[in-house]
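Student: For reference, the chains in residue letters:
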Amino acid sequence: MFFNSLTFLIFLAIFLVLYFASSGRGRLWICLLGSYTFYGWWDYRFLALIVFSTLVDYWLGMLIDRSEEPAKRKSAVILSCIVNLGFLGFFKYFNFFIDSFQHVADTMGLGTSLTTLDIILPVGISFYTFQSMSYTIDVYRRQLRMEPDLLRFATFIAFFPQLVAGPIVRARDFLPQLHDDHPFKWDNVIAGTGQVLAGYFKKVVVADGAALAVDRVFDQPGLHTSIGLSVGVFLYAFQIYCDFSGYSDIAIGLARVMGFEFPENFRTPYISKSFSEFWQRWHISLSSWLRDYLYIPLGGNRNGAFQTYRNLLITMLLGGLWHGADWKFVIWGGLHGLYLVVQRLIGGRWQRLRTALWIPNWLNNWLLMAVVFTFTCVAWVFFRASSAYEAWDILGRIVSLDGINPGSIRNKILVGKSFLVIGLLLVAEEANRRVPLQPLLLRSPAFCVVSFATMLWLIALLGVFGSNQFIYFQF
Amino acid sequence: MKRGITLLLAVVVFFVGDRIGGRILDNLLYRSPQRFPTLYSGRFDADTVVIGNSRGLNMLDWPFAEQESDTSIINLSHNAMPPQIARAIFADYLEHNPKPKRLVIEVSNVTTPTAEGTMLDYKPFWGRSDRLRNLGKAFSPLTAAACRVTHLYQYNSEMFLRAMSYLASGNTDQNAGMRMMIPPALVEETEAMEPIELTADPQEVEALRGLVDDARAAEVDVQLVLAPYLPAYAARISNLDEFVNDMSEALGQEVQDSSRSLDATDEFADRVHMNPKGTRKFTQQLIDQGILK
Numbered sequence: 001m002f003f004n005s006l007t008f009l010i011f012l013a014i015f016l017v018l019y020f021a022s023s024g025r026g027r028l029w030i031c032l033l034g035s036y037t038f039y040g041w042w043d044y045r046f047l048a049l050i051v052f053s054t055l056v057d058y059w060l061g062m063l064i065d066r067s068e069e070p071a072k073r074k075s076a077v078i079l080s081c082i083v084n085l086g087f088l089g090f091f092k093y094f095n096f097f098i099d100s101f102q103h104v105a106d107t108m109g110l111g112t113s114l115t116t117l118d119i120i121l122p123v124g125i126s127f128y129t130f131q132s133m134s135y136t137i138d139v140y141r142r143q144l145r146m147e148p149d150l151l152r153f154a155t156f157i158a159f160f161p162q163l164v165a166g167p168i169v170r171a172r173d174f175l176p177q178l179h180d181d182h183p184f185k186w187d188n189v190i191a192g193t194g195q196v197l198a199g200y201f202k203k204v205v206v207a208d209g210a211a212l213a214v215d216r217v218f219d220q221p222g223l224h225t226s227i228g229l230s231v232g233v234f235l236y237a238f239q240i241y242c243d244f245s246g247y248s249d250i251a252i253g254l255a256r257v258m259g260f261e262f263p264e265n266f267r268t269p270y271i272s273k274s275f276s277e278f279w280q281r282w283h284i285s286l287s288s289w290l291r292d293y294l295y296i297p298l299g300g301n302r303n304g305a306f307q308t309y310r311n312l313l314i315t316m317l318l319g320g321l322w323h324g325a326d327w328k329f330v331i332w333g334g335l336h337g338l339y340l341v342v343q344r345l346i347g348g349r350w351q352r353l354r355t356a357l358w359i360p361n362w363l364n365n366w367l368l369m370a371v372v373f374t375f376t377c378v379a380w381v382f383f384r385a386s387s388a389y390e391a392w393d394i395l396g397r398i399v400s401l402d403g404i405n406p407g408s409i410r411n412k413i414l415v416g417k418s419f420l421v422i423g424l425l426l427v428a429e430e431a432n433r434r435v436p437l438q439p440l441l442l443r444s445p446a447f448c449v450v451s452f453a454t455m456l457w458l459i460a461l462l463g464v465f466g467s468n469q470f471i472y473f474q475f
Numbered sequence: 001m002k003r004g005i006t007l008l009l010a011v012v013v014f015f016v017g018d019r020i021g022g023r024i025l026d027n028l029l030y031r032s033p034q035r036f037p038t039l040y041s042g043r044f045d046a047d048t049v050v051i052g053n054s055r056g057l058n059m060l061d062w063p064f065a066e067q068e069s070d071t072s073i074i075n076l077s078h079n080a081m082p083p084q085i086a087r088a089i090f091a092d093y094l095e096h097n098p099k100p101k102r103l104v105i106e107v108s109n110v111t112t113p114t115a116e117g118t119m120l121d122y123k124p125f126w127g128r129s130d131r132l133r134n135l136g137k138a139f140s141p142l143t144a145a146a147c148r149v150t151h152l153y154q155y156n157s158e159m160f161l162r163a164m165s166y167l168a169s170g171n172t173d174q175n176a177g178m179r180m181m182i183p184p185a186l187v188e189e190t191e192a193m194e195p196i197e198l199t200a201d202p203q204e205v206e207a208l209r210g211l212v213d214d215a216r217a218a219e220v221d222v223q224l225v226l227a228p229y230l231p232a233y234a235a236r237i238s239n240l241d242e243f244v245n246d247m248s249e250a251l252g253q254e255v256q257d258s259s260r261s262l263d264a265t266d267e268f269a270d271r272v273h274m275n276p277k278g279t280r281k282f283t284q285q286l287i288d289q290g291i292l293k
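Quick mapping for you: the protein sequence lines, in order, are chains A and B. In terms of the numbering used here, the first sequence opens at residue 1 and continues consecutively. In terms of the numbering used here, the second sequence opens at residue 1 and continues consecutively.
Be aware that a few hints might be false.
[Stated by the list, open to error] Computed far set for chain A versus chain B, every beta-carbon distance over 10 Å: (1) Phe8; (2) Tyr389; (3) Leu462.
[Unchecked claim] Once the Cα atoms are required to be at most 30 Å apart in a straight line, the calculated DSSO-like pairs of lysine-lysine come out as: (4) B:Lys293 with B:Lys277; (5) A:Lys412 with B:Lys293; (6) A:Lys412 with B:Lys2.
Hints listed in this document are in silico derivations from the structure and should not be mistaken for laboratory results. Idealized CB from N, CA, C, for every residue including glycine.
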């Protein structure tokens, strides 16, 4: 049930009526059953998995919270991680590790023959396992008390707006909100609807529109010149940004309609002036999760430069692997780890050089943004290409400048349309940065009417409809 | 309650703007010099109509063809145009414009089944073509319903964007062929390819036969052509001759097999499309063979 499908819109209408018609535990039951219906629509067989995962972490959370024995508490939280990562490892990475091991064995001349399994990846497993682990770890760290109500806990895990592609909402942010009954408020409906519409615009107009051009480049990169490939990579940067942030906006907006406040997941990442800033603006819920539960426990930046670099690389490599069971994602993560390390190594020197050369602030900012965006796009090539080999080939052909005549760009109409809507997006995001638009929706009915109508017109005229899955659903 | 009225007002403004916008876009569409708005505005009057998919579009150097053949030619070929749409387009052409003397069909479009996206790309013209509307509705009743709900959605189409870009430039898209040279890497890749077969979709063959019959019924002379392939690609097609024979039999008329008539790699933009050099050369061949004249 994709967010951009008629089935989902019908489901949502029915759900919201039932949600606001109920209260207290009845409303929690509506949330839970609605979420399980949403999830089961993908594949009902995986309902058992999410229910089992929920029950395990509920019970372990109770054990951790009620026990005073450090060893017992530690064992329980480790068990939670093992169960969650075990599910993730099996469903997502079993065949990847088997194939990789087989490849190494073949290279070494060992006569092994290992069997891969026909495994279907449960939708959203990468998200809800991390969300569930954050609960048990926070309870272990005594940053959170256990949730005694199983219904409420199960709703926290399975809440459908953010179940299948995030944001990864922390228990300490969401569980307290589930204790309150959120009455119907027009302010929430207006603010939430505005964010949902913005999400749909990003997804069906920008992301899916760019996908039409991007797919033609990456399906047959051999047909495209250097400039054609560059344009394809640029468009992909916005496709993935709008696809993912669009989904997050829809999820956060829907939650807002229901009265819940979720933290933002993207904050105009492509204006970042450093890679560390990029990761404070891109997929904030994942990057903060990795920071709090991996990077900092590894030692963070507390044990000298070498260990800091090591911890950064490990965190980013695993962050890359989280995205998919393929070496290209590991390379993507590794590149970002490398960028962070290099930034730490030369950041100070650049500041001194910049001062010596009297480079003004505004120029420095634009240069840094351009550098961060360019190298981010380089990493995106690995993310999108069908393999690491193809990614190297594409980058090589871009750098060779084999064909830089703009006339050689294929599918000019689709490319032109994509640039137009990306332009609209950038204007809107810059406007939102200067004058936050969500409060304006509530203060000015005229602005609300015009902006809602405009977004709907643009979606009707320029949106791409069909079964275009959100990119992050596959993670 | 005030917020509720605001939301309701937004919906009302959306629908009012949608209707007004739809009328404006329709008006703009038929001012475009692009071929299809021109067709539906009845502004064509040609001796020869050419039709096919992108291979049909790329096989004709239109200004050169008109000049050398001393006839007027309209190329109604379009990217991925399947025979089902070609048949509807030609029937609409006859309805809106004077009958041509000759119809030249590039027949390789039978190998690609009609895709929903391709069919629906013609929805901007549903207002003036019941044939295209009915074809689209059969493919996607949901899209047809959506076009009734929001008129702007009817112009949500690459075809419409093309029409607008040609409106802005003031040029026709008669000669909108591919301009690039095939990359050497693609030639090498083609030479290493496993043999392939051309497979005609039965439904598309039936539609193409229908197009041929419609033209004959209207007393329009029909010429059937299989345009050139990149030599290395043609060599990998194991059933090329059989395909030509089968098509000739199915359409009740010999297909002019020009699939191997160009032998230079630098005359191609990719495996299946000529570039301007190849198009010019092939257009001369069509004139010499009497297909365009």
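Student: Which earlier hints can't be squared with this structure?
Tutor: 3, 5 and 6
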